[in-house]
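Q: First to last, the protein sequences are chains A and B. Heads up, the first sequence is in our numbering, so the first residue is 1 and it goes up one at a time. Heads up, the second sequence is in our numbering, so the first residue is 335 and it goes up one at a time.
One or more hints might be untrue.
Below 25 angstroms or equal to it, Euclidean Cα-Cα: the simulated PhoX-like pairs (lysine-lysine) are [as the list claims (entries may be wrong)]:
#, chain 1, residue 1, chain 2, residue 2
1, A, Lys-274, B, Lys-535
2, B, Lys-540, A, Lys-284
3, A, Lys-274, B, Lys-474
4, B, Lys-474, A, Lys-284
5, A, Lys-14, A, Lys-44
6, A, Lys-261, B, Lys-535
7, B, Lys-474, B, Lys-463
8, B, Lys-427, B, Lys-463
Derived DEER-like restraints, expressed as beta-carbon distance ranges [claimed, not checked]:
#, chain 1, residue 1, chain 2, residue 2, range
9, B, Ser-630, A, Gly-80, 43 to 49 angstroms
10, B, Asn-509, A, Ala-249, 44 to 50 angstroms
11, A, Lys-211, B, Glu-338, 53 to 59 angstroms
12, A, Ile-281, B, Ser-493, 16 to 22 angstroms
13, A, Glu-301, B, Arg-422, 40 to 46 angstroms
14, A, Ile-292, B, Arg-422, 43 to 49 angstroms
15, A, Leu-131, B, Asp-604, 44 to 50 angstroms
16, B, Asp-480, A, Leu-330, 27 to 33 angstroms
Keep in mind that the hints were calculated from the coordinates and are not lab data. The beta carbon of each residue, even a glycine, is placed where N, CA and C say it ideally should be.
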Amino acid sequence: MPDSQNLLDVRGLKVHFPIEKGIIFKRVAGWVRAVDGVDFSIKKGEALGLVGESGCGKSTTAMAVAQLQTATAGQVFLEGRDLASLSAKDLRAARKDFQLVFQDPYSSLDPRQKAQDIIAEPLRIFAKNGLITMDEAAIQRESLSLMDRCGLSASFATRYPHEFSGGQRQRIGIARALALGPKLIIADEPVSALDVSIQSQILNLLKDLQKDFDLTFLFIAHDLAVIEYFCTRIAVMYLGRIVEITDAATMARNPLHPYTKALLSAVPLPDPRKERSRRRIILKGDVPSPSIEYKGCPFRERCPQAMEKCALSPPSLMQAEEGHQVSCFLYGGA
Amino acid sequence: MSEESILRVEGLVTQFSTDRGLVKAVDGISFDLHRGETLGIVGESGSGKSVTNLSILRLVQSPPGNIAAGKVLFQGQDLLQASEEEVRLLRGKNISMIFQDPLTSLNPVLKVSMQIAEAIQLHHGLGRKPAKAKAVEMMKLIGIPDAERRADDYPHQFSGGMRQRIMIAMALSCNPDILIADEPTTALDVTIQAQILELIKSLSAKDKTAVILITHDLGVVAGMCDTVCVMYAGRIVERAPVDELFYDPKHPYTRGLLDSIPSVDLSGPDRLYSIPGAPPNLIDLPDACPFAPRCSRVMEVCTKATPPETVLDTATSRSVRCWLHTKENQNA
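Start from the sequences, fold in the hints, and give me the full structure.
A: If you want it as structure tokens, here you go:
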């Protein structure tokens, strides 16, 4: 049963997509195992970072947690409640507690709505359904105060999304996510579309908001430096599975899984002397297809430390040291 | 740098006419590129780094684009004055380019070997068969496994990293003097990025190819470049050898950028610095420093006149465009 300290518990989450063949008589020719057995939990006030390369299932995990994608198996508990078991009506009410911030600030805002209306929309929908009691004047006040809190001047209230820069649009997206006073923010690559100088503005804003509103984050990014800056704990995903999970400092200083090591060594450092002196682990080949079923460890073929037993059965996530779990035979396991 | 200069850009101005006015995407840019050097051009989106490089090869679409002033001297010849035919003979042979998105820059209906062979046939006058053999050889060189068989595949049958390798094979097939790489790894994952950067580095070192690397990623610059130009609002605001740029940045924008990046080894501060505001609109820029509204060290003069380029060290051609560093202010 889920731990009461945890805001979010994800247990054995799987999302498999069918590959269909044939035009009239469709048949399922295989499965893409986008998320293939993911377990993690997030404590209140914590920021868990989910990092991995494209196609590793991090966004699908986020969508499944947000109940925007039906899970093939597994459960998502928010404060001990299994979200998938809720009725449509209860789920809608529960959505107040978890909100999303999306990657692309261009396509995630309705181009025909004014900034203030975009931010007020969640409040209006909840008020209309009787889930919160707020009149229009209060909604107006609240949305303006959210704009202010997210660094948007009140004079922008009547502007349309195309009149804003990328960073400002992301601020609108963040204000909208905060409107209902959520406990959990699921942020899917919130800064990867932004330039460096704007990226740090948004990261700092999110950090301030986390403190002020007592938020918990599930933060998804492919940029390890961003994740390590923002998150307290980090989970590394590879081919639909978590291969390593620990706190940010340990992940930076003492990564265990060969994939995490390679990933960290591949990130270019903005420091020419360090760049010249460091030894890079260059992985061979590409990320393999998630539609193949692997008998052994899915990382085996690219792993510089692969052993015989890696081909026989997949390793499971095991405790390597206190608060540090890794899924690799180098650190034990049969 | 003791090596001879192979490309010299002088006072390049490229503008685009739009409904709302004239956009000066590149506003008076000058730099030198030496044989065997890797020059980084960094800047945020819209700073003019890509347009600079399209202008070098006269690939700016006109209209709306227009190279209004300046010189691009390649081995003493001004490419901006040369005939279309003369420039065409240089493209791909002496100067070649790699673009950001390998899928849209490859022809989807041609086999990859044919696309690599095209430049070889054109510039070396080889027949189809020997050109294809050379293409396969290039594919082996850049590390495409099973190159003979894969030569007859189409771009969609390759992964993103492999496609970028094919672009590199195309670009290097005629042993160019200059390779212009415009965000070559931005669309790729970090482990693949590491492979591609390593490849560009080793191939360019082998043939002493000069490389212009355009990127927004300061980490990539730190690992790849000898010299760096930082662009802001169509101008080079600072030029320096890579170590000096990172350890002793002069322009407040460069400093701000460096302080804004989180570092993966957690060596950075607890809270990132952030430059307030956003880059300016390039339409009808006033005669002032374009960075002044965002600058933490702004002075009165900054809003009244455009700062001139101040050369700080002639040997390394280190320079900065900032009123804090002009001769008068240094002496004062």
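Q: Evaluate each hint against the coordinates.
A: Here is how each hint holds up against the structure:
1. A:Lys-274 to B:Lys-535: holds (17 angstroms)
2. B:Lys-540 to A:Lys-284: holds (22 angstroms)
3. A:Lys-274 to B:Lys-474: violated (31 angstroms)
4. B:Lys-474 to A:Lys-284: holds (15 angstroms)
5. A:Lys-14 to A:Lys-44: With a Cα-Cα distance of about 24 angstroms, the restraint between Lys-14 of chain A and Lys-44 of chain A holds, given a limit of 25 angstroms.
6. A:Lys-261 to B:Lys-535: holds (22 angstroms)
7. B:Lys-474 to B:Lys-463: holds (17 angstroms)
8. B:Lys-427 to B:Lys-463: holds (20 angstroms)
9. B:Ser-630 to A:Gly-80: 43 to 49 angstroms: Once the Cβ atoms are compared, 48 angstroms apart, the range 43 to 49 angstroms for Gly-80 of chain A and Ser-630 of chain B holds.
10. B:Asn-509 to A:Ala-249: 44 to 50 angstroms: holds (47 angstroms)
11. A:Lys-211 to B:Glu-338: 53 to 59 angstroms: Given range 53 to 59 angstroms: holds, Cβ gap about 57 angstroms.
12. A:Ile-281 to B:Ser-493: 16 to 22 angstroms: holds (20 angstroms)
13. A:Glu-301 to B:Arg-422: 40 to 46 angstroms: holds (44 angstroms)
14. A:Ile-292 to B:Arg-422: 43 to 49 angstroms: holds (46 angstroms)
15. A:Leu-131 to B:Asp-604: 44 to 50 angstroms: At 38 angstroms between Cβs, range violated.
16. B:Asp-480 to A:Leu-330: 27 to 33 angstroms: Hint holds: Cβ distance 30 angstroms, inside 27 to 33 angstroms.
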